[in-house]
Amino acid sequence: MLFVARRLGFACLQLVGLALLVFFTIRAMPADPVARLVGMNASREAYLSSQHALGLDRPVWVQLVAWVSDVAHGDFGRSWVSGAPVMQEIGRTLPVTIELITISFVLAFLVSVPLGMLCALRPGGTADKATFVYSLFAGSQPEFWWGLLFIYIFFAVLGWAPAPLGRLDPMLRPPPVVTGFITVDTLLAGDWVAFRNGVHHLMLPVATKVFVLSGPIIKMVRQNMVRALGSDYVLYARASGLMPRQVAMVALKNALAPALTLLGALYGYVLGAAVLIETVFSLGGIGQYAVRSVLAFDYPAIEAVVLVIAAISLFVYLVLDLVHAWLDPRLSQ
Amino acid sequence: MPAETPILRVRGLTVAFGGERAVAGFDLDIAPGEIVGLTGDSGAGKSTLGLALLGLVRPPGRILGGTVELEGIDVLALDEARRRRIRGAKIGLIVQNPRASLSPLHPVGQQIADAYRTHEGGTRAGAAARAVDMLRVLGLNDPERRVHAYPHEVSGGMAQRVLIAMALGCGPRLLVADEPTSGLDVTIQAQFLDDMWQSARRVGSAVLLMTQDLSIIANYCDRVVVMQDGRRVEDAPTPRFFAAPAAAYGRTLLSLRREAPPAGGDGPVLLSVRGLRKVFPLRRGRKVVHAVDGVSFDIHRGETLGLVGESGSGKTTVGRCLLRLVEPDGGEVTFDGIDVRRAAPAGLRRLRRQLQVVFQDPFDSLDPRWTVADIIAEAIEDRPDPDVLARLLRDVGLDREVARLPPRALGLGDQQRVNIARAIAVRPALIVLDEPTSALTPLARVGIIRLLRDLQVRLRVSYLFISHDLSTVAHLSHRVAVMYLGQIVELGTRAQIFDQPLHPYSKALLAAHLVADPSRRRVDQPQAEALAGESPSPIDLPPGCFLAGRCPQAEDSCRAARQEVAVLADGRALRCDRVAAALA
Amino acid sequence: MSEMLEALHPPPAQVARPMPPALFLLGCGIVALSLVMMVVGPWIVPFDPGRPGPDIGMAPPSLGALPALAWAVLRGLPHAPVHWFGTDETGLDVFSRVVAASRTDVAIAVGANAVSLAFGSLLGLAAGTARPFLAGLLMRVSDLLQAFPVFITGMILVTMAGRSELTIVLALALLYTPIYIRLTRAEVLAQRHRGFVDAARALGRTELWIALRHILPNALTPALIQASVTIGLAILMTAGLSFVGAGVRPPTPEWGLMIADGSNLMVQGEWWPSLFPGVAISFTVFGYACFSNGLERYCAR
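Chains as they are written, first to last, in the numbering used here: chain A, 150 to 482; chain B, 305 to 888; chain C, 34 to 334.
This is chain A alone, in the form it adopts within the complex (with noise of 0.2 Å):
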């Protein structure tokens, strides 16, 4: 328990570090945000009036405690691009992403662990060599590049996917908005058509991304397991004359527990990443959305981008990492 709300608290001071750290590294750079809303030409009183609009000619503490008093009551203030609230911004475009990212990663591990263990079973063999520059290369890869080579393939020439223009067909009317994620939502409706027409319009950003991440993921289970297999635990199980069955799962509980916190932080990294593969099929997420901010000078929503992808990887790497020191008793000492 203690263990838990160490690393909890460590966590936290992460996040207030890392608002404290983005706040003032933007503030710091040489972009000024008024410039580019007003345009070159301005007058000085046009920019004056928008710098004050835009709250910027306070003093920098001011601004420090105003935004984190705003943030304290869950209010990221308004957009200076679109004048909307933030968090209805990101509460729009973040479960885009969530959903590609998960949906991702779950297939991605279905297809690369009984790979990777499959490997691990042969290791020097053909097929483990074939998928060890597999991994290699998988890993390698630009995606934004190979999500429009996908395009050109499954849409252009074969036909077999939809246009990349979003989640949706633009005839189909979208479901009501529950969870934000497009499958849940659609089921929940009880709209199949709507259903198979998101899942359609998934298949090549998922595919996409199940290719990338394949590479690290098979990499990681195959040594792991070549490891377990390879170990004088292993060895001693089978010289105790354990079942098969037993001895495996031996193995697999050894090494799959190490590859959770790995898992963990590849999520983090990956969910920051998704912006390429948005921009691609034009989702509409939270990367898109990050893009637009960055590229205006948008600092309210730019600070809450950040902040909110930074605490959902540092949650979802906690989480992790605690299911593995729950499996891995060395630990928690």
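It is possible that some hints are incorrect.
Now the in silico label distances, taken between C-beta atoms and shown as ranges [said to hold, decoys possible]: (1) A:153 to B:587: 14 to 22 Å; (2) C:104 to A:188: 50 to 58 Å; (3) B:587 to A:392: 38 to 46 Å; (4) A:152 to B:823: 19 to 27 Å; (5) A:260 to C:104: 40 to 48 Å; (6) A:392 to C:162: 21 to 29 Å; (7) A:155 to C:199: 40 to 48 Å; (8) A:260 to B:587: 41 to 49 Å; (9) C:173 to B:590: 24 to 32 Å; (10) B:315 to A:153: 55 to 63 Å.
What the simulated footprint calls covered on chain B by chain C, stretch by stretch (three residues with Cβ under 8 Å from a Cβ of chain C suffice, anywhere in the stretch; the number is not a length) [claimed, not checked]: (11) 346-353; (12) 670-684.
Not close to chain A: a few residues of chain C, all C-beta gaps over 10 Å, as computed [said to hold, decoys possible]: (13) 81; (14) 106; (15) 151; (16) 193; (17) 198; (18) 239; (19) 328.
Honestly, the hints are just simulated from the structure, not real lab data. Built from N, CA and C at the ideal position, the CB exists for glycine as well.
With chain A held as given, fit chains B and C onto it using these hints.
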């Protein structure tokens, strides 16, 4: 031995790794209830053989051929399902590194119980209870509680008992024990081997005991088999083997017995240590560990002082304090008239060249990116003459070609010779040798012992020889100091300590020490001086004698008063008020 | 991506990898090629990467025509300059731009790593040898930096510091420095208690001498292996940033930028302006991955 059907009959067993044969046409017979010792240098194939008897092999090895008949049934000819049923039930295995052989994620009790249930069926609770009983029989205190521990939480000795519980629990006909005591302290080793021997005798199992330690074989085995390059090169009853070993391996290892122990060592006092103290604070809380607690001794020119003790005795810390690799917290250290503790950095650097060190792990002590020439040159300030280097290498028994090699190209024994060469390069007056042979194979150990003796005579150098291995200490030391939990409990000449120990701990240590002489077997002697239980934790030391909780002759006065060192009539120092009073 | 994982948690070297030496040689070859291209690329191309020509949106030569053309070039026969990769819709030769872009991408990646390696190693050495309080502080700051979402932070830094090659180098260097700090510190801590360090002290060597002659060289090896991985990562990042418009400014030739420019065309069937830059990235980063894997296996021996 009556001619019964052998329990085990191996013919032509061959195991290969790629193109190389680890076991090449091996033959062996073991009679029921017999204890056979299998020995040979590392790499001879012993562990591979042990696994192959169960029909197992470490990947990527393969069993190429041969028969392994266990009570008439060829294990290798069976299908895997039937072989699995034999493992653990008819043949038990214990291996060298017990903690690594247990799954780190499961409690030890569960692992034992799973093994039982696989062979005997039954409920989970029943198997768990059996596991607890077995551990109690094996000498473990409080097994009900300790059964829930995880492998990384238990000591080496307990982990090894867990393996025995798994291996012997179903009453196998043959127990294969592969270096079961490596890494264990002397007293634990003796207890463990006794327990294993008795359990095997009681269950009626035959034992194949694989070890490089000939003293274990002398004390516990009926027969000796020597393995070399995968083949059997000698097979003799124990008394005959030790009287006249045929194969080269045995001859080399036993060659030191006939040689006289070192003489001399009576020059003027070179190093004087008085009341040395070192305390390590713990990371959490205010507790401290008294690693070194009032240690005093002298070393004369040309003498070797052996410092013996088990793990946690503080002997390594003493060595590091002398060199000021760790700063002592109290006491005086005088070297050649100079106060070592108060020396300024420049003086200390000069002083250090008189005081050298050789560590336990030969490879760790060599910078892997340097060549042997660089390593030795580091000791000699300027660019050394290649002839000077060659001479140094020759002094330690190495060819001059070795100079251009990196450390990883050498075996551990040769690496240690390089360490020694670096130490003697500056012609020091004293060398602190911290377990210099513990990491080496027995064969390499013989070479290093000879080398050290030779160098001492030629260079008139003194040694502080720190070790837990009493045989090695006996071969090299003029005087011996015994340490327990940070204190010297007895200090005397080699003859005094080895032939007539006075302190209860020294007695127990020497009783547990196995001698490579089958006519003086431990199992044949009465177990008089055994110490009960385990050492107290170094964090919570009792107020009186540290041994009082375990000493069979402890009295109330021992528990109350802190024991001080008394100098006896024959010149030795003894920290036991009771015995000193009795002798006065 | 896998490189990022390894950056966070380097695996132990003992685990067997079925790395055929052929793959390592391939990696070496690609790395060498990329570095050569970085230096001489823009000078050896057939067309000026910045000057549009008359042929707009011309496809690359068909597979049937290729052998004859290749033969003509190799024999040195006079021939019209060939658009090996076709031209984009502004008339720029794709092949020349792909080769010229290698300078941009590889130089940024190498530069960023050189800076972060230098800083990270020194800070790691400091963290490994300084007093616990200072070391702890340094590590907390480093951890904090690592908690940032990498890509988005990269976007922020580059866009708001002005999008130039220099800012990209500095931004990436900042993002990668914590990796090197962590790596070097772990190595230094491990090396400090090695036997040869104590033996050197026993010989009377000063702490500074030991740090420079023993600790640092041994601690740098893993960092150099890491660098070969992170260079590939940096190329992916640079391309990604430029793709979304938060990286290099046009008209500088850059692989990600070229892919972005050609992305609309791809959907319409004109595949060559986006394909070849992507092939270049794919090939190059794969090469670095093979190289670093082989290097790691070699050093673990």
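Hint check:
no., hint, result
1, A:153 to B:587: 14 to 22 Å, "21 Å, holds"
2, C:104 to A:188: 50 to 58 Å, "57 Å, holds"
3, B:587 to A:392: 38 to 46 Å, "43 Å, holds"
4, A:152 to B:823: 19 to 27 Å, "57 Å, violated"
5, A:260 to C:104: 40 to 48 Å, "44 Å, holds"
6, A:392 to C:162: 21 to 29 Å, "52 Å, violated"
7, A:155 to C:199: 40 to 48 Å, "41 Å, holds"
8, A:260 to B:587: 41 to 49 Å, "44 Å, holds"
9, C:173 to B:590: 24 to 32 Å, "26 Å, holds"
10, B:315 to A:153: 55 to 63 Å, "59 Å, holds"
11, 346-353, "violated (count 0)"
12, 670-684, "holds (count 7)"
13, 81, "25 Å, holds"
14, 106, "28 Å, holds"
15, 151, "22 Å, holds"
16, 193, "4 Å, violated"
17, 198, "16 Å, holds"
18, 239, "37 Å, holds"
19, 328, "13 Å, holds"
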